[in-house]
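**Q** Using the sequences and the accompanying hints, generate a full structural model.
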Amino acid sequence: MPATSLKNFFRLTTLRDIGLFLLTLAAFLWLVLRGAEQMGYTWHWQRIPGYLFTLDEDGFSAGPLLQGLGLTLVITSISMLCAGLIGLATALLRLSSSPIGRQLARIYLEISRNTPLLVQIFCFYFIVAPILDIGRMSTAVLALSLFEGAYASEIFRAGIQSIHRGQWEASHSLGLTRWQGYRHVILPQAIRKIMPPLTSQAISLIKDSALVSTIAVYELTMQGRAIIADTYLTFEIWTVVAAIYLVLTLAVSAVAGILKQRLQGVG
Amino acid sequence: MITVRDVTKVFPGGVVALDGFSLDVCRGEVLVIIGPSGSGKSTFLRCLNGLDAIDSGTIIIDGVALDKNEANRLAIRREVGMVFQSFNLFPHLNVEENINLAQQLVQKKKLAEATASTHALLTRVGLLNKANRYPDELSGGQQQRVAIARALALHPKVMLFDEATSALDPEMIGEVLDVMRDLAAEGMTMLVVTHEMGFAREVSDRVVFMDHGRVVEEAASKDFFTKPLHDRTRDFLSQIL
Numbered sequence: 001m002p003a004t005s006l007k008n009f010f011r012l013t014t015l016r017d018i019g020l021f022l023l024t025l026a027a028f029l030w031l032v033l034r035g036a037e038q039m040g041y042t043w044h045w046q047r048i049p050g051y052l053f054t055l056d057e058d059g060f061s062a063g064p065l066l067q068g069l070g071l072t073l074v075i076t077s078i079s080m081l082c083a084g085l086i087g088l089a090t091a092l093l094r095l096s097s098s099p100i101g102r103q104l105a106r107i108y109l110e111i112s113r114n115t116p117l118l119v120q121i122f123c124f125y126f127i128v129a130p131i132l133d134i135g136r137m138s139t140a141v142l143a144l145s146l147f148e149g150a151y152a153s154e155i156f157r158a159g160i161q162s163i164h165r166g167q168w169e170a171s172h173s174l175g176l177t178r179w180q181g182y183r184h185v186i187l188p189q190a191i192r193k194i195m196p197p198l199t200s201q202a203i204s205l206i207k208d209s210a211l212v213s214t215i216a217v218y219e220l221t222m223q224g225r226a227i228i229a230d231t232y233l234t235f236e237i238w239t240v241v242a243a244i245y246l247v248l249t250l251a252v253s254a255v256a257g258i259l260k261q262r263l264q265g266v267g
Numbered sequence: 001m002i003t004v005r006d007v008t009k010v011f012p013g014g015v016v017a018l019d020g021f022s023l024d025v026c027r028g029e030v031l032v033i034i035g036p037s038g039s040g041k042s043t044f045l046r047c048l049n050g051l052d053a054i055d056s057g058t059i060i061i062d063g064v065a066l067d068k069n070e071a072n073r074l075a076i077r078r079e080v081g082m083v084f085q086s087f088n089l090f091p092h093l094n095v096e097e098n099i100n101l102a103q104q105l106v107q108k109k110k111l112a113e114a115t116a117s118t119h120a121l122l123t124r125v126g127l128l129n130k131a132n133r134y135p136d137e138l139s140g141g142q143q144q145r146v147a148i149a150r151a152l153a154l155h156p157k158v159m160l161f162d163e164a165t166s167a168l169d170p171e172m173i174g175e176v177l178d179v180m181r182d183l184a185a186e187g188m189t190m191l192v193v194t195h196e197m198g199f200a201r202e203v204s205d206r207v208v209f210m211d212h213g214r215v216v217e218e219a220a221s222k223d224f225f226t227k228p229l230h231d232r233t234r235d236f237l238s239q240i241l
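Residue numbers (our numbering), protein chains in the order written: chain A, 1 to 267; chain B, 1 to 241.
Hints listed in this document are in silico derivations from the structure and should not be mistaken for laboratory results.
Since the structure is predicted, the reported quantities are computational estimates derived from the model, not experimental observations.
Hints may be right or wrong, so weigh each one.
Claimed, not checked - Going by beta-carbon spacing under 8 angstroms, a handful of chain A positions derived as facing chain B:
1) Ser96
2) Gln167
3) Ala170
4) Ser173
5) Val185
6) Gln189
Said to hold, decoys possible - A few chain B positions that, by computed beta-carbon distances, are all more than 10 angstroms from chain A:
7) Ala102
8) Ala112
9) Leu138
10) Asp169
11) Arg232
Said to hold, decoys possible - Chain B residues, not near chain A, derived (Cβ > 10 angstroms throughout):
12) Asp19
13) Ser86
14) Pro91
15) Glu175
C-beta atoms are modelled at their ideal positions from N, C-alpha and C, and glycine is treated no differently.
**A** Right, dumping it as structure tokens:
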């Protein structure tokens, strides 16, 4: 951490904000505890670690929640990659000189962005998956990639269009082909502007991945639901599941922040 | 070297930028194009290397016709270097990389080979010590000299200068004009759109005065400024001189 931000950290206003934050948190906790007490809810936090992992003579073994987290990570990382590729391809298609390409890209965008993700997941699960003969896991990745890809493509398009026209003219005048212009001149500049909105899209993707629990993919949310169905540990499990998602999304933000600094350090 | 016949360019919205424009340029000639703003000077340069597509007429550069054929257009762009009013350096690349880029991508040179000729070009424009700087660390005049070096990297047969000094502070105009003057002395074919009448008078072989997308008057530069033939040319010169 650089010296300036350390200094900022200890500034009076920051301390006051931290105080307020802790106070709010305490108030919230008190409300939850009181609510549970009035409902006659008995806490069983001691049972939670067992659902996360177990340590015995066999060593470490992941419980259902961590297994779910693993699957969530797999689904979101594959979908993120696919959504990025789909987004870039769609953006280039929309900016291309081919009228058919532009129209196809627009149709895909409009359908993807103007129907609920949950409905799309069902459509893929009940209609597309049997036709293509793919499993639940692939269906989940396909649905998420196509949905987030539509949003990613608009981010890419805005980033590419924000690059000054003169950059294209310079690369054309040097005899670069359109593809070379994108690859070496336009995209490297656009990526810096695209990083922040793309990060929030990645975070949306992590959160949206919870919806694939509806087609019985045993990712984090589905594992949580299954445990609750067995044990009625509603409060504890949902709290833990939410906390895991929070850690995951905050980690992505942090990585993106570092990446952004790296990218801006270059030029 | 360059043959332009009856070229017409109409922008969407109906603005006629070039209206039956014809012009011939010889090898090694330095041609200055002047005219009021909106007269089509810049559009003409941009059409010459296919940045703007023409609506009718023909442009032939060194035996290659500029038409819808993408291969021809790329071939012409590789023969024609262009320098822009706003420099248009690539901000994410340093000076050396800016000049290397087209050599590596278009001429398929190895990095070491490209860098060697880049250093020679930078020495020529007096900026070898800035090779590792980024464009935003340079003054406007320095940026424009890098842009000229970048355009020269492909050994073009023709150089186009589109108001290359118009965006510069007065004290930096000289250094850029000096580079252009050297280039002219080496025998480069140059088409220069400029408001620098001193440069036009001193360096150019011929001056073309344009208005409303047509050639109003063209003459050897020694005659152009001393005995203009047309009233419109006289009016224009009296306004700017």
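**Q** Now look at each hint and say whether the structure bears it out.
**A** Verification of the hints:
Restraint check, serine 96/A versus chain B: the minimum CB separation of about 14 angstroms is more than 8 angstroms; hint violated. Interface restraint check for glutamine 167/A: the shortest CB-CB distance to chain B comes to about 6 angstroms, inside 8 angstroms, so the restraint holds. Restraint check, alanine 170/A versus chain B: the minimum CB separation of about 4 angstroms is within 8 angstroms; hint holds. The criterion of a C-beta within 8 angstroms of any C-beta in chain B is met by serine 173/A, whose closest approach is roughly 4 angstroms, and the hint holds.
Interface restraint check: valine 185/A against chain B, minimum CB-CB distance 6 angstroms, threshold 8 angstroms, status holds. Interface restraint check for glutamine 189/A: the shortest CB-CB distance to chain B comes to about 5 angstroms, inside 8 angstroms, so the restraint holds. Listed as a non-interface residue, alanine 102/B fails to keep its Cβ farther than 10 angstroms from every Cβ of chain A; the least gap is roughly 4 angstroms. Residue placement check: alanine 112/B keeps its beta carbon more than 10 angstroms from all beta carbons of chain A (closest about 19 angstroms).
For leucine 138/B, the requirement that its beta carbon stay farther than 10 angstroms from each beta carbon of chain A is met, with the minimum near 13 angstroms. Every C-beta of chain A lies more than 10 angstroms from that of aspartate 169/B, the closest at about 19 angstroms, which supports listing it as non-interface. With 10 angstroms as the threshold on Cβ separation, the claim that arginine 232/B sits away from chain A holds: the shortest Cβ distance comes to roughly 30 angstroms. The non-interface label for aspartate 19/B is consistent with chain A: the shortest C-beta to C-beta separation is roughly 23 angstroms, beyond 10 angstroms.
The non-interface label for serine 86/B is inconsistent with chain A: the shortest C-beta to C-beta separation is roughly 5 angstroms, within 10 angstroms. Not every C-beta of chain A lies more than 10 angstroms from that of proline 91/B, the closest at about 6 angstroms, which undercuts listing it as non-interface. Under the 10 angstroms C-beta cut-off, the non-interface status given to glutamate 175/B relative to chain A holds; the minimum distance is some 21 angstroms.
In the structure shown, a violation is registered for the earlier hints numbered 1, 7, 13, 14, in ascending order.
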